[in-house]
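Protein chains in written order, with this note's numbering: chain A, 68 to 292; chain B, 68 to 292.
The hints are simulated quantities; they were obtained by calculation from the structure and are not laboratory data.
Heads up, some of the hints might be wrong.
Claimed, not checked - Here are some, though not all, of the chain B residues that point toward chain A, as calculated from beta-carbon distances under 7 Å:
no.: 1; residue: V76
no.: 2; residue: V80
no.: 3; residue: Q84
no.: 4; residue: D87
no.: 5; residue: G97
no.: 6; residue: Q181
no.: 7; residue: G186
no.: 8; residue: R202
no.: 9; residue: F203
no.: 10; residue: E225
no.: 11; residue: H231
no.: 12; residue: A232
no.: 13; residue: G235
no.: 14; residue: S239
no.: 15; residue: T271
no.: 16; residue: L272
Using N, Cα and C, we set each Cβ at its ideal position, and we do this for glycine too.
Protein chains: 2
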Amino acid sequence: MGAAKRKRVPRAVREQQMMDAAVRTFARCGYRAASMDEIAERAGVSKPLVYLYLHSKEDLFGAVVRRESAALVAAVTAAVEPGAAADRQLWSGLAGFFAHTAAHPDGWAVLHQQARAQGEPFVVEVAAMRAEIVRFVTGLIGAAAKEAGCAGELADREAAGLAHALVGAAESLAEWVNAPTAEGTSSAVGAAPDRPTAEEAAGTLMNFAWTGLDRRMRGARWAPA
Amino acid sequence: MGAAKRKRVPRAVREQQMMDAAVRTFARCGYRAASMDEIAERAGVSKPLVYLYLHSKEDLFGAVVRRESAALVAAVTAAVEPGAAADRQLWSGLAGFFAHTAAHPDGWAVLHQQARAQGEPFVVEVAAMRAEIVRFVTGLIGAAAKEAGCAGELADREAAGLAHALVGAAESLAEWVNAPTAEGTSSAVGAAPDRPTAEEAAGTLMNFAWTGLDRRMRGARWAPA
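Looking at chain A on its own, in the form it has when it is part of the complex:
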């Protein structure tokens, strides 16, 4: 009866369920400590079925990293209003980023904390996803510089540096906002009450970053007093 019922679930659906279980397990236990037993149990399938469909813990982790990377890039890209002013695009991209990471804290933990330290090929895949976002932000900063009338003045290298700074600031804020609380409350049940919401985080970063970028575009520089 159970076996007959199980057969009705298409492979593609079953694989997504296994990946859902894997994301949660990897995020909470870490890659090394995560066991295929736990993943199979959480997905409600047998361990041999996980191996049949996704081959190994390493392949499963790779599939999870690719799925979560693609989902994050898609969420940020979809949030941006094409043709809007650069600051508006940046704001909507940040809002999309914080909303997606708040809704998928386990996927974010896998990408941000687990995948980058697991060596090849995961670190390369996550670096490619991150580079895509940095390029996008570099383009927005370039467009903003042009809108502010300082095209060419802001060296490409500085625009790239500013984009790296902004992406790192967003990652750090997302980590803080979505971290499990001290009481052990899971991040999946929502941000801790003393942490900002996704929208507040986007607002904080925009208040901080945009005003700084805006003044930088207009030639302002900090100098020691």
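Fit chain B to the supplied structure of chain A, relying on the hints for placement.
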């Protein structure tokens, strides 16, 4: 003769040599792939001596994480001029951070890329080091708000958010500046020619962050047009 010579090296010195070799190996191979054989060979000692002094790969990694964390916090703390204006303190702390990470790219890779994903107890140790730096930056932002005459207006939660953003921006810039180049040139031989120097990175971040913070202190907020 070799054994007699070896005995003259005090244990404390030998342990530092082993840790130097371990930092380089962990940074380049990752924790999982790093072998005790390679670490012993790089340190110029026998593998049993590494086990005798530092017990296990896990203990060695823990010792490395604690040493590199303490060195980073000490470098940032020593760089800050006590009693200076908040912006000056922030600038000198950032300059100290970028100078230290540029001089010790392998130690930075172990802390930033390896340790955070290796689970307990490493993740807790690195988080404690990072929290110490975030608290310090939160204090500077609070002091800057007070200097700008807006004490109490900048909510504690927003100051903490800004500090997380700034620390994340600095980490991301340091990762970019110190990353190995595409040609495989090691990060230990210096930043790639198209990447900013440590001082330029501190300047870029200060230009970006301080002008934004400064305007934020004075009540400026970004709002969609």
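Hints, verified against the model:
For V76/B, the suggested interface contact is broken, since its CB lies about 32 Å from the closest CB of chain A, more than 7 Å. Proximity of V80/B to chain A is violated relative to the hint, the smallest CB-CB distance being about 30 Å (cut-off 7 Å). Hint status for Q84/B relative to chain A: violated, with the closest Cβ pair at about 25 Å, above 7 Å. Below 7 Å, beta-carbon pairs count as interface contacts, and D87/B has none with chain A, the closest being about 21 Å; its hint is therefore violated.
Hint on G97/B holds. Least Cβ distance to chain A is approximately 4 Å, under the 7 Å limit. Interface hint status for Q181/B: upheld, as the beta-carbon distance to the closest one in chain A is roughly 5 Å, under 7 Å. Checking G186/B against chain A: minimum C-beta separation of about 4 Å stays under 7 Å; hint holds. With a cut of 7 Å, the hint placing R202/B at the interface with chain A is violated, because the nearest CB-to-CB distance is about 13 Å.
Below 7 Å, beta-carbon pairs count as interface contacts, and F203/B has none with chain A, the closest being about 15 Å; its hint is therefore violated. Because the closest C-beta pair between E225/B and chain A is about 6 Å apart, less than 7 Å, the hint holds. For the restraint placing H231/B at the interface with chain A, the shortest Cβ-Cβ distance is roughly 5 Å, inside the 7 Å limit, so the hint holds. For the restraint placing A232/B at the interface with chain A, the shortest Cβ-Cβ distance is roughly 4 Å, inside the 7 Å limit, so the hint holds.
For G235/B, the interface hint holds, the least distance from its beta-carbon to any beta-carbon of chain A being 2 Å, beneath 7 Å. A least Cβ separation of about 2 Å between S239/B and chain A falls short of the 7 Å threshold, and the interface hint therefore holds. The beta carbon of T271/B comes within 4 Å of a beta carbon in chain A, closer than 7 Å, and the hint placing it at the interface holds. Taking 7 Å as the C-beta cut-off, the interface hint given for L272/B holds, the closest approach to chain A being about 6 Å.
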